Amino acid sequence: MSEGSSSPHPTRSFKRKSSMSKKRTAWISIGVTAALVTGGAVYAGTLNSDSRGTVVRVIDGDTVDMRIAGEETRVRLLNIDTPETVDPDKAVECMGPEASDYLKSLLAPGDKVKLEYDIERTDRYGRTLAGVYKDKSLINAEIAAAGLGIAVKYEPNVRFYDEVLRAEKEASTTTAGLFDPNAECTIPAKLEEATQALGQLGDAPADSINEAESLAGEAAAAIALGQGAKSALDKLTPNTHPVAYALLATHFAKNVANLDTSISRANGIEQAHQDHKTALIKAEEERKEAEKKKKEEAAKKKKAAEEKAAEEQRRAAIERQQQAAEQKAAEQRRLQQQKPKPAAPKVQQPRPKTQQPRQQGPSNYTGPRCYAPGGKSWKPCP
Numbered sequence: 321m322s323e324g325s326s327s328p329h330p331t332r333s334f335k336r337k338s339s340m341s342k343k344r345t346a347w348i349s350i351g352v353t354a355a356l357v358t359g360g361a362v363y364a365g366t367l368n369s370d371s372r373g374t375v376v377r378v379i380d381g382d383t384v385d386m387r388i389a390g391e392e393t394r395v396r397l398l399n400i401d402t403p404e405t406v407d408p409d410k411a412v413e414c415m416g417p418e419a420s421d422y423l424k425s426l427l428a429p430g431d432k433v434k435l436e437y438d439i440e441r442t443d444r445y446g447r448t449l450a451g452v453y454k455d456k457s458l459i460n461a462e463i464a465a466a467g468l469g470i471a472v473k474y475e476p477n478v479r480f481y482d483e484v485l486r487a488e489k490e491a492s493t494t495t496a497g498l499f500d501p502n503a504e505c506t507i508p509a510k511l512e513e514a515t516q517a518l519g520q521l522g523d524a525p526a527d528s529i530n531e532a533e534s535l536a537g538e539a540a541a542a543i544a545l546g547q548g549a550k551s552a553l554d555k556l557t558p559n560t561h562p563v564a565y566a567l568l569a570t571h572f573a574k575n576v577a578n579l580d581t582s583i584s585r586a587n588g589i590e591q592a593h594q595d596h597k598t599a600l601i602k603a604e605e606e607r608k609e610a611e612k613k614k615k616e617e618a619a620k621k622k623k624a625a626e627e628k629a630a631e632e633q634r635r636a637a638i639e640r641q642q643q644a645a646e647q648k649a650a651e652q653r654r655l656q657q658q659k660p661k662p663a664a665p666k667v668q669q670p671r672p673k674t675q676q677p678r679q680q681g682p683s684n685y686t687g688p689r690c691y692a693p694g695g696k697s698w699k700p701c702p
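Per the working numbering, the sequence shown starts with residue 321, numbered consecutively.
No wet-lab data here; the hints were simulated from the structure.
One or more hints might be untrue.
[Unchecked claim] Cross-link-like lysine-lysine pairs, in silico, DSSO-like; alpha carbons within 30 Å at most: (1) 613 x 623; (2) 574 x 550; (3) 410 x 574; (4) 473 x 454; (5) 454 x 434; (6) 424 x 454; (7) 473 x 555; (8) 615 x 628.
[Said to hold, decoys possible] Restraint ranges, calculated between C-beta atoms of paired labels, are given here: (9) 454 x 558: 28 to 34 Å; (10) 648 x 617: 41 to 47 Å; (11) 599 x 638: 55 to 61 Å.
Values in this document were obtained by computation on a predicted structure and should not be read as measured data.
Think of the CB as a built atom: it goes at the ideal place given N, C-alpha and C, for glycine as much as any other residue.
Modelling step: build the complete structure from the supplied sequences, incorporating the hints.
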């Protein structure tokens with residue numbers, strides 16, 4: 321949680337406590353020698369009382385209520401900022417609840433801690449600013465090492481910054497907490513799926529229309545992932561997500577730049593596959609058209625050949641028929657020539673007509689007839 325992002329908690333400032341201690345010391349100093357010795361012991365104890373504290377409760381990932389010098393005091397850990405969880409005006413940030421739970425595991429109520437301070441002892445909300453040690457371990461850095469907070473400078477307080485920054489880099493190396501790509505809400509998680517999809521795109525031309533369409537679809541899907549990740553990251557602002565925004569500007573600045581480059585490359589690859597698909601479709605259409613023309617030409621040639629063959633067959637048949645007829649006629653002539661000539665038919669002389677003698681007698685005469693000379697007429701014999 322940023323130093324100025326949490327609501328202030330009523331607390332007694334260090335200056336007020338220091339002033340009271342001085343008054344108490346002045347009063348003690350007027351006593352007898354024995355009292356002076358005793359007063360000196362009291363002074364020393366009072367002066368050092370703000371270096372020790374007892375945990376009362378954990379507020380969030382970088383804020384703890386403690387009892388210090390008998391007073392409940394809200395302590396803001398220096399040079400560490402954890403994701404927001406308690407600000408009513410802001411959404412709960414990624415890993416915010418985890419940071420709070422982690423600090424609770426480190427600082428349980430009743431735990432004794434050591435506090436060390438820097439130049440400014442309180443912030444504008446009256447919270448005490450300190451480095452908190454437990455068992456000689458700087459809790460501020462422990463949070464960063466778990467990947468649940470980032471190193472920040474609150475000028476002029478930079479005393480613990482270097483140690484917290486080293487812990488943050490360690491978390492980055494071990495991909496812990498905010499650097500974990502398997503935690504859905506983290507920046508690496510938002511980047512990884514898109515980065516992998518974009519990085520796996522190939523620009524080799526496809527061998528078929530279906531393959532080109534598939535490759536173009538893969539590129540489009542990867543671009544969508546990349547643009548989705550970029551859109552999600554663009555929503556991170558210093559006001560709404562200070563920790564995530566700071567990580568974008570430091571650890572992941574190069575990753576975001578690479579994402580933009582990868583999206584541009586993917587757009588080119590998708591367009592190339594689309595253009596290649598168009599070219600393949602055109603080539604296929606031309607191939608089909610050429611094949612169609614070839615088939616039509618072949619069919620035309622085949623038909624012409626068939627017609628020619630049929631005509632030739634028809635003519636051959638006619639020739640065969642003519643030859644057969646000629647052969648038959650020739651054979652008939654040959655056979656005719658081989659036959660003996662028939663004898664000339666006897667011409668029968670017409671018989672002279674015998675003129676019946678004229679009848680001189682009755683037609684029904686049946687008796688003897690006597691013919692006149694020449695036999696042309698007769699008469700009944702007397």
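### Message
Hint check: residue 424 vs residue 454, CA-CA at most 30 Å. Holds or violated?
### Response
holds (13 Å)
### Query
Between residue 574 and residue 550, does the CA-CA distance stay at or below 30 Å?
Distance of about 13 Å is within 30 Å: holds.
### Message
Please verify whether residue 473 and residue 454 have alpha carbons no more than 30 Å apart.
### Response
With a Cα-Cα distance of about 22 Å, the restraint between residue 473 and residue 454 holds, given a limit of 30 Å.
### Task
Could you tell me whether the CB distance from residue 648 to residue 617 stays inside 41 to 47 Å?
The hint (41 to 47 Å, Cβ to Cβ) holds, given that residue 648 and residue 617 are roughly 45 Å apart.
### Task
Would you mind confirming whether the straight-line C-alpha gap from residue 454 to residue 434 stays at or under 30 Å?
holds (6 Å)
### Query
Straight-line Cα separation of residue 410 and residue 574 no greater than 30 Å?
holds (27 Å)
### Query
Are the Cα atoms of residue 473 and residue 555 separated by 30 Å or less?
holds (24 Å)
### Task
Indicate whether the distance between the beta carbons of residue 454 and residue 558 respects the range 28 to 34 Å.
Hint holds: Cβ distance 31 Å, inside 28 to 34 Å.
### Query
Holds or violated: are the alpha carbons of residue 615 and residue 628 at most 30 Å from each other?
Status holds; Cα separation ~19 Å.
### Query
Is the hinted pair residue 613 and residue 623 satisfied, with a Cα-Cα distance of at most 30 Å?
holds (15 Å)
### Message
The hint says 55 to 61 Å between residue 599 and residue 638; measuring C-beta to C-beta, is that right?
### Response
holds (57 Å)
Comparing the model with each earlier hint shows no violations; every hint is respected.
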